[in-house]
Every structure is written in structure tokens, then in C-alpha cells.
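According to this note's numbering, the residues represented by the sequence shown are 46 to 214, in order.
One or more of the hints may lead you astray.
To be verified - Using 20 Å as the maximum straight-line C-alpha spacing, the simulated EDC-like pairs for lysine to aspartate or glutamate come out as follows:
| id | residue 1 | residue 2 |
| --- | --- | --- |
| 1 | Lys158 | Glu198 |
| 2 | Lys184 | Glu172 |
| 3 | Lys161 | Asp179 |
| 4 | Lys161 | Asp149 |
| 5 | Lys140 | Asp110 |
| 6 | Lys161 | Glu172 |
| 7 | Lys158 | Glu189 |
| 8 | Lys141 | Asp212 |
| 9 | Lys190 | Asp60 |
| 10 | Lys140 | Asp212 |
| 11 | Lys141 | Asp110 |
| 12 | Lys184 | Glu155 |
| 13 | Lys140 | Glu172 |
| 14 | Lys184 | Asp149 |
| 15 | Lys190 | Glu155 |
Claimed, not checked - Label-pair distances were calculated between CB atoms; the ranges are:
| id | residue 1 | residue 2 | range |
| --- | --- | --- | --- |
| 16 | Asp212 | Pro80 | 41 to 51 Å |
| 17 | Asn147 | Ala107 | 18 to 28 Å |
| 18 | Ala107 | Arg196 | 29 to 39 Å |
| 19 | Met46 | Gly109 | 13 to 23 Å |
| 20 | Lys190 | Ala107 | 32 to 42 Å |
| 21 | Asn175 | Ala107 | 21 to 31 Å |
| 22 | Asn78 | Arg132 | 11 to 21 Å |
| 23 | Asn163 | Val55 | 15 to 25 Å |
| 24 | Leu191 | Leu137 | 33 to 43 Å |
| 25 | Val129 | Thr209 | 19 to 29 Å |
| 26 | Met46 | Pro82 | 40 to 50 Å |
| 27 | Ile139 | Asp119 | 16 to 26 Å |
If you are wondering where the hints come from, they were derived from the structure by calculation, not from laboratory data. Even glycine gets a Cβ: it sits at the ideal position worked out from N, Cα and C.
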Amino acid sequence: MIRIGQGIDVHAFCDPKDVIDTAEQFVTLAGVNIPHPVGLLAHSDGDVVLHALADALLGALALGDIGQHFPDTDEANAGLDSRVLLRHVYDLIIKKGYHLVNADITVMCERPKLAKHNLAMRTNIAEDLNTQIDNISVKATTTEKLGFTGRQEGIMVSAVVLLTQTDNV
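Put together the whole structure using the sequences plus the hints.
Here you go:
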């Protein structure tokens, strides 16, 4: 038995006029802090990559979405490390008798440029999902300066996963 899930997430960049110290600014994508003049608006750490991936995993088994499991109305989730969130979601997948076959993730943004961070992002995801790095694809694309990502107002991510039942079910 196989299951396919899709997740999409979007986070807006902070307003540059609200940034006090640009020397410390970054965005966190797949657990990697990537230098950028402004961060992403979010209740948690704003890791749009891991949020889309978590939603894809949950969707594959019809387990809702991360907003149901980690509501932004719960102060316990304020500033939450999304790698913790992802590992929790994957534990749910394992308990349901499934495991990841592969994940394909596309990050849509003009900036920051992600090529030199790709290996670190894939490594973190593979570690959190207890799989080999060859099962994780992370790629980036621009939107040719079109839409909110093209205007550099935020980042959008799409993730697709394939799950299969474990042998011991």
C-alpha cells in the first residue's frame, strides 16, 4: 500500500522597517539558518520548507495539517523549532505503519539564493525522517519576478511525499 501527500506553505518576509539589527538576520529553511536581510513572519521559527513537508506527510495519511497539530493560538508553539515539529509528525506516520519512500520539495523565491545550502537542507531532512539523503530532493526556483515571491515579499514551498506501509504491519 502506498500513499502520496502534498503540502504547500507560504510565509511573508518581515517588513524591513521593523528590522533593528540586520547583521543578525536570516531565514531558517529545512533547519538551516541562511543569511537574509529580513526574516519570515511566523508564530514558530517560520521554516516554510519543513511546514510544507510536514503537511505533505500528514496529508498522505489524512491526518489533518500542522495547524491542527501545532496551532498558532497555543503559546507553547511560539518560536517552535520546526525540526521538532517535523520529527513529531513523522512519529505519527511511523505509528500508523508507514515510512517515507521519498520527498520532493520545491522552494519558490527570488532571494535568498539556496544552491550552496542545498546539501545541508537535504541532510537535515534525511536525518529527521530517518532516511538516506538520496530519498530527499530540495530544489529552488524563482517565479521570474512575478507575484509575491517575485516581488520578494515572501517564500512559497511545495512538497510531495510517497509513503509505503512498513513490512511489520
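Each hint, compared with the structure:
Between lysine 158 and glutamate 198 the CA atoms are separated by roughly 15 Å; this keeps the pair inside 20 Å, and the hint holds. At roughly 18 Å between alpha-carbon atoms, lysine 184 and glutamate 172 fall within 20 Å of each other, so this suggested pair holds. For the proposed pair lysine 161 and aspartate 179, the alpha carbon gap of about 17 Å is at most 20 Å, so the pair holds. A hinted pair counts as satisfied when its Cα atoms are at most 20 Å apart, and lysine 161 with aspartate 149 qualifies at roughly 18 Å.
Using a Cα cut-off of 20 Å, the hinted pair lysine 140 and aspartate 110 holds, with the two alpha carbons roughly 17 Å apart. Restraint check for lysine 161 and glutamate 172: the C-alpha separation of about 19 Å stays at or below 20 Å, so the hint holds. Taking the CA atoms of lysine 158 and glutamate 189, the gap is near 14 Å; set against the 20 Å cutoff, the hint holds. Proposed proximity of lysine 141 and aspartate 212 is supported: the alpha carbons are some 12 Å apart, at most 20 Å.
The hinted pair formed by lysine 190 and aspartate 60 meets the criterion: a straight-line CA distance of about 19 Å does not exceed 20 Å. The suggested pairing of lysine 140 with aspartate 212 holds, with an alpha-carbon distance near 13 Å, which does not exceed 20 Å. As the CA atoms of lysine 141 and aspartate 110 are separated by approximately 16 Å, the hinted pair is consistent with the 20 Å bound. Of the supplied pair hints, the one linking lysine 184 and glutamate 155 holds, its CA atoms being roughly 13 Å apart against a limit of 20 Å.
For the hint linking lysine 140 to glutamate 172, the alpha-carbon distance of about 18 Å falls within 20 Å, and the restraint holds. With a C-alpha separation of about 8 Å, the suggested pairing of lysine 184 with aspartate 149 holds against the 20 Å cut-off. Taken as a hint, the lysine 190 and glutamate 155 pair is honoured in the structure, with Cα atoms around 7 Å apart against an allowance of 20 Å. Between aspartate 212 and proline 80, the C-beta spacing of about 43 Å keeps the proposed range 41 to 51 Å intact.
With their beta carbons about 20 Å apart, asparagine 147 and alanine 107 fall inside the hinted range of 18 to 28 Å. Taking the beta carbon of each, alanine 107 and arginine 196 are about 35 Å apart, inside 29 to 39 Å as hinted. Taking the beta carbon of each, methionine 46 and glycine 109 are about 20 Å apart, inside 13 to 23 Å as hinted. Taken as a hint, the range 32 to 42 Å holds for the pair lysine 190 and alanine 107, whose Cβ atoms sit roughly 37 Å apart.
Between asparagine 175 and alanine 107 the beta carbon distance is about 22 Å. The supplied range of 21 to 31 Å therefore holds. In this structure the hint that asparagine 78 and arginine 132 lie 11 to 21 Å apart at CB holds, the actual value being about 18 Å. Take asparagine 163 and valine 55: their Cβ atoms lie about 21 Å apart, and the range 15 to 25 Å holds. As the Cβ distance of leucine 191 to leucine 137 is approximately 36 Å, the hint placing it in 33 to 43 Å holds.
The given range of 19 to 29 Å is respected by valine 129 and threonine 209, whose C-beta atoms sit roughly 25 Å from each other. The given range of 40 to 50 Å is respected by methionine 46 and proline 82, whose C-beta atoms sit roughly 46 Å from each other. The supplied range of 16 to 26 Å is met by isoleucine 139 and aspartate 119, whose beta-carbon atoms lie about 24 Å from each other.
Figure legend: structure checked against the earlier numbered hints; every hint is met.
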